[in-house]
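Number of protein chains: 2
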Amino acid sequence: MKIATAPLRSTNGSSRDLLIGLDIGGTKIEALAVDQNFITLGRFNHLTDTSSPENFIASVTDAIYQVLNQAHAMPSQIIGIGIGIPGQVNEKTGEVRLAANLNLTTYPLGETISAIFNVPTSIENDVRLAAIGIYHWQKMNKPVESIAYLSIGTGVAAGVIINGRLLRGSHGMAGEIGHITVDPNGVLCNCGARGCLEAIVSGPAIVQQAINAIQFNIPLNEVHAGHVYRAAADRNPSAQVIVQRVSDNISRAIQWLIMTYDVDRVVLGGGVSGAGTAFLTPILSALANYRAQSDLFAAMLQESKIVLLPTGYNAGTWGAVYLTNEGDRQLIKG
Amino acid sequence: MKIATAPLRSTNGSSRDLLIGLDIGGTKIEALAVDQNFITLGRFNHLTDTSSPENFIASVTDAIYQVLNQAHAMPSQIIGIGIGIPGQVNEKTGEVRLAANLNLTTYPLGETISAIFNVPTSIENDVRLAAIGIYHWQKMNKPVESIAYLSIGTGVAAGVIINGRLLRGSHGMAGEIGHITVDPNGVLCNCGARGCLEAIVSGPAIVQQAINAIQFNIPLNEVHAGHVYRAAADRNPSAQVIVQRVSDNISRAIQWLIMTYDVDRVVLGGGVSGAGTAFLTPILSALANYRAQSDLFAAMLQESKIVLLPTGYNAGTWGAVYLTNEGDRQLIKG
Numbered sequence: 008m009k010i011a012t013a014p015l016r017s018t019n020g021s022s023r024d025l026l027i028g029l030d031i032g033g034t035k036i037e038a039l040a041v042d043q044n045f046i047t048l049g050r051f052n053h054l055t056d057t058s059s060p061e062n063f064i065a066s067v068t069d070a071i072y073q074v075l076n077q078a079h080a081m082p083s084q085i086i087g088i089g090i091g092i093p094g095q096v097n098e099k100t101g102e103v104r105l106a107a108n109l110n111l112t113t114y115p116l117g118e119t120i121s122a123i124f125n126v127p128t129s130i131e132n133d134v135r136l137a138a139i140g141i142y143h144w145q146k147m148n149k150p151v152e153s154i155a156y157l158s159i160g161t162g163v164a165a166g167v168i169i170n171g172r173l174l175r176g177s178h179g180m181a182g183e184i185g186h187i188t189v190d191p192n193g194v195l196c197n198c199g200a201r202g203c204l205e206a207i208v209s210g211p212a213i214v215q216q217a218i219n220a221i222q223f224n225i226p227l228n229e230v231h232a233g234h235v236y237r238a239a240a241d242r243n244p245s246a247q248v249i250v251q252r253v254s255d256n257i258s259r260a261i262q263w264l265i266m267t268y269d270v271d272r273v274v275l276g277g278g279v280s281g282a283g284t285a286f287l288t289p290i291l292s293a294l295a296n297y298r299a300q301s302d303l304f305a306a307m308l309q310e311s312k313i314v315l316l317p318t319g320y321n322a323g324t325w326g327a328v329y330l331t332n333e334g335d336r337q338l339i340k341g
Numbered sequence: 008m009k010i011a012t013a014p015l016r017s018t019n020g021s022s023r024d025l026l027i028g029l030d031i032g033g034t035k036i037e038a039l040a041v042d043q044n045f046i047t048l049g050r051f052n053h054l055t056d057t058s059s060p061e062n063f064i065a066s067v068t069d070a071i072y073q074v075l076n077q078a079h080a081m082p083s084q085i086i087g088i089g090i091g092i093p094g095q096v097n098e099k100t101g102e103v104r105l106a107a108n109l110n111l112t113t114y115p116l117g118e119t120i121s122a123i124f125n126v127p128t129s130i131e132n133d134v135r136l137a138a139i140g141i142y143h144w145q146k147m148n149k150p151v152e153s154i155a156y157l158s159i160g161t162g163v164a165a166g167v168i169i170n171g172r173l174l175r176g177s178h179g180m181a182g183e184i185g186h187i188t189v190d191p192n193g194v195l196c197n198c199g200a201r202g203c204l205e206a207i208v209s210g211p212a213i214v215q216q217a218i219n220a221i222q223f224n225i226p227l228n229e230v231h232a233g234h235v236y237r238a239a240a241d242r243n244p245s246a247q248v249i250v251q252r253v254s255d256n257i258s259r260a261i262q263w264l265i266m267t268y269d270v271d272r273v274v275l276g277g278g279v280s281g282a283g284t285a286f287l288t289p290i291l292s293a294l295a296n297y298r299a300q301s302d303l304f305a306a307m308l309q310e311s312k313i314v315l316l317p318t319g320y321n322a323g324t325w326g327a328v329y330l331t332n333e334g335d336r337q338l339i340k341g
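Line by line, the protein sequences give chains L and X.
For the first sequence, the tail end lands on 341 under my numbering, and the numbers increase by one without skipping.
For the second sequence, the tail end lands on 341 under my numbering, and the numbers increase by one without skipping.
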C-alpha cells in the first residue's frame, strides 16, 4: 500500500548524506551507515535492552549515535532510517506488534524514531527485510527477479521477493511458513498447533530433540544446533537421525517455496544455517532424491537454485538501508 | 514480462466489437463472446477433437465461428482472443507445452489462432486463467486484492492473484501445488514422486481409493468423485474414511496457500468441488480444528476466507475475455 510521503530530505546537499539501517534482534542491535551510493561509512552493534520500552528505545537510539560516530557524521546528515524487527509491523503506521523477543506487545517504533531524528523512518519484519538485502546481494552476482529467503533460527519464516518487489500479503503475513503443518500427528509447537515446521527444524526444536537423545559434555543450556550438526558429523547415530529429519523437512519447505512462488533462488540463512556445509549437504541430498523421482522435480528443484547465505553478509542491515530507498516505503515522515 | 504490442484493433468503431474467450479442456471447448463492456453476446461449447493437431485447431476455430454465430457477429468484429489450456504456456510466444490432455507436446497455438483471425491472441494456463475470472467475479461482490483459486479436478493446482495481478512465477509454474509432497511415504503419483497432494485429492485419486474399498452399483469406469461423496453421506464407512482423508489434505493445502501468499480468499473449484456441500463441509470442519489449535490459525484461517466457486460461473471463459483486456498480455499480434 502506497501512502503519500515527503521526498528524502537533504539538509546540505553533501555527498555524505547518510542512510541508516538497523537490524534489531532479541539479543543485539546491528547498525549500518551508508552514503547515497550505498558505500559503507560505519558499522556498529551492541546488546538490545529489552527491560522496558524506554530502555529499548534508548538502546536503539544509542546504536544510531554510535554508528554516526563510526561514520564521523552528525545526526542532521541522516536522510532516512530503515529498521527490521522480529515481529509484525503495521506498514502504514510503523507500529510494531507481537514482538515477543523485544518484550513489546504494541509500540509506535517508527513514529518514535522518526520524531527523535526528524527523518522518514521505515519499519519491516526482519526476515522480509533480510530478503530485500539478499535480493540486492544476489543482483550483484547474477540478476534474478524472484527469490525466497528461508530463515531457520529461533523462528522459521520466509521473505519473498517477486519481480523485484517484497511480497507482504494482505495482512503482512506472506511467507510465515514456520507454522505450516508438516506432520499432523507431530510434536506440539509453541503456537499451540501440532507438527508445525518450526517445531521440527528451528534451533530450539533441534536442541530439544538432541538433549533427550545425546550426551553432551557441556552444560545443557549452552547446547545449540551447531553442536548437534557436529555430533552428526562425528557419527553420533542419534544426532544423525535428528539431522536427517531436520534436513528432510527443510527440503520439503524448499520444495513448497519453489512450487508455490516459482522463485529463481531459495537462499538459506538464520542461526541454524551457521552449521554451513554440515547444514547444507543433507538438504541438497534430499533435493537430489526429489529430482530422481520425477521430471517435474528434476526441472524445478535444481541444486543451482539453492544458495547458503554467507555468514559475513548482514542481510538485515543492508535490507534496512535499501528499505529507506524504496519510494513507497518511507512511511513515517520526520 | 511485458513485450511491445499493438493496441486493440478496432475495425469499424462499432460498439459490437467482440472479445472472445475460450476455455479449452481435454473433453470440451467452451467459448464466450462479449462486447467491450463485457456484456455477454454469445456462448457455445462442444467436444475437443484431440485426434491430431490439425483436428484440434479445427475444433478450436469451429468453436469461435459458432460463438460468433450466437452473437450474430462477423470474424472481422473480433478485437481480441483469450485462450486457456491445460498445460504450460510460453507467455512470450503463445506456444503450448506439455498439454497431455490435448495430445500436444509443443504447439504454436497463439500464433496459429492469431494468424487465422488476424487479431491479438493471448494464451494462459487454464487454472491461472480461471483465477483471473474469479478475481473479477469476487470483485463484483466484495473487492479483494489477493485470491488463490484452488482447482481440484483431474489435476490439482492453484492460480494466484496478488494485488490484482496474476502471479506466474519465473517459469510460469507458480501455484503448481498438486505435486507438493504431503506424505513422503504416501502412494505413488503419476508424476513419479511419492505422496503428492494430487495423488490423494484429485478426482482420479479419489476414485482409485474408492474402487478398492466400496461396492458400487454402476460400472467402475463410470464412478467419479461425486459418487464417493454421496456414499459418505449415506454413511458408508470406507467412503467416510476417504472423504475425511481428502478433506484433511485439502485443508492443509488451504493452510499452505494462506500462510505462503496471505491471500484474502481461497476459492475452491474444479470437478471434485462439484459435490458441493458434501465437499465443503468436512474441509471447513478441518479448518475449524486448526483454528482451535492456535491463535495464529484463528486469525489467519477464518471460514469467511473460503469460498466455493458456484458451478454456474464459468471462470475459465471469463478469465479468457479479461485476459484479452490486460494490456501487457496481448502477446501475439494479428
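Simulated from the structure, these hints should not be mistaken for laboratory data.
These numbers come from a predicted model, not from an experiment.
Any given hint might turn out to be false.
Repeated chains share a single entry, so a pair holds when one copy, or any two copies, can fit it.
Below, in silico cross-link-like pairs of lysine-lysine (DSS-like), each with a Cα-Cα straight-line distance of 27 Å or less [to be verified]:
no. : residue 1 : residue 2
1   : Lys312    : Lys146
2   : Lys35     : Lys312
3   : Lys149    : Lys35
4   : Lys312    : Lys99
5   : Lys149    : Lys99
6   : Lys35     : Lys99
Right, here's what the structure says about each hint:
Taking identical chains as interchangeable, the C-alpha atoms of Lys312 and Lys146 lie at most 27 Å apart only when both belong to the same chain, with a minimum of 14 Å there against 36 Å between chains. Neither within a single protomer nor between protomers do Lys35 and Lys312 lie at most 27 Å apart by alpha-carbon distance, with minima of 31 Å and 38 Å respectively. In the homo-oligomer, the alpha carbons of Lys149 and Lys35 never lie at most 27 Å apart, since the shortest distance is 31 Å inside one protomer and 44 Å across protomers. In this assembly of identical chains, Lys312 and Lys99 lie within 27 Å of each other by CA distance solely across copies; the values are 23 Å between and 34 Å within a copy.
In this assembly of identical chains, the alpha carbons of Lys149 and Lys99 lie at most 27 Å apart only when taken from different copies (22 Å versus 33 Å within one copy). In this assembly of identical chains, Lys35 and Lys99 lie within 27 Å of each other by CA distance solely inside one copy; the values are 26 Å within and 48 Å between copies.
Checked against the numbered hints given earlier, the structure breaks hints 2 and 3 and satisfies all the rest.
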